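The chain contents come next:
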Amino acid sequence: DAKTTQPPSMDCAEGRAANLPCNHSTISGNEYVYWYRQIHSQGPQYIIHGLKNNETNEMASLIITEDRKSSTLILPHATLRDTAVYYCIVRPYSGGGADGLTFGKGTHLIIQP
Amino acid sequence: DTGVSQNPRHKITKRGQNVTFRCDPISEHNRLYWYRQTLGQGPEFLTYFQNEAQLEKSRLLSDRFSAERPKGSFSTLEIQRTEQGDSAMYLCASSPRGLAGQDEQYFGPGTRLTVT
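First to last, the protein sequences are chains L and E.
When you number the first sequence by the working numbering, it's gap-free, plus one each residue, and the end is 95.
When you number the second sequence by the working numbering, it's gap-free, plus one each residue, and the end is 1219.
Don't read these hints as lab results, they were simulated from the structure.
One should not assume that every hint holds.
[Unchecked claim] With a cut-off of at most 25 Å between alpha-carbon atoms, the simulated SDA-like pairs for lysine to any residue come out as follows:
(1) L:34 / E:1209
(2) L:87 / L:52
(3) L:-15 / L:32
(4) L:-15 / E:1162
(5) L:34 / L:81
(6) L:-15 / E:1147
(7) E:1114 / L:22
The structure presented is a predicted model; accordingly, all values stated were derived computationally and were not measured.
Start from the sequences, fold in the hints, and give me the full structure.
Have a look at this one:
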């Protein structure tokens, strides 16, 4: 499995866009980029995923570079409730999508009031 | 949809005792996963079911651990002869069978185990 590299922590002011980077330089052609977050004392929460095109949903946007070696999760207007650990995960699709997720240590995003 | 539920939420046990946790997935999700998370670390995959079949097990799942999903609905995770190193948050997740890359996992709140 490809591995990911994320900064251990980041700060962002409330109301500003939070941009969380992730490096996945060994990603393979059939591997997707997933983002989850974990608010303190809760289970992880799915945010967004993509293969090679940029993606947007009601929670966030995912920008994947053309070479797919890195990506950025964007929270457009961060609120205090977005304070959490954000995990970037590269996941192969092996025909059944059955593989367990491989979490790293993630980025602890702190939204400052 | 009531989400993934796990019981109990907290469990304190003495070393050497057996414990069992339960996970109820989102209804009609045929995939169910168990993870373990220790303080300051991301969750670690333990095992996975598709319906009642256990299809994948991590090397982390020692012989003292056993998981079942007898009717393809709820699942149990049992730890026998608990050790202090088993203290962790045990997370359950479920996902629907979907298209490629369309099978995001939905996590429960976890069961926090403390072995004294």
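Taking the hints in turn, this is what the structure says about them:
1. Taken as a hint, the residue 34 of chain L and residue 1209 of chain E pair is honoured in the structure, with Cα atoms around 23 Å apart against an allowance of 25 Å.
2. A hinted pair counts as satisfied when its Cα atoms are at most 25 Å apart, and residue 87 of chain L with residue 52 of chain L qualifies at roughly 17 Å.
3. For the suggested pair residue -15 of chain L and residue 32 of chain L, the alpha carbons sit about 16 Å apart, so the restraint of at most 25 Å is met.
4. A threshold of 25 Å between alpha carbons decides the hint, and for residue -15 of chain L with residue 1162 of chain E the separation of about 19 Å falls inside it, so the pair holds.
5. Only pairs whose Cα atoms come within 25 Å are accepted, and residue 34 of chain L paired with residue 81 of chain L is accepted, the gap being roughly 20 Å.
6. For the suggested pair residue -15 of chain L and residue 1147 of chain E, the alpha carbons sit about 14 Å apart, so the restraint of at most 25 Å is met.
7. Note on residue 1114 of chain E and residue 22 of chain L: the hinted pairing holds, with a Cα-Cα distance of about 19 Å set against a maximum of 25 Å.
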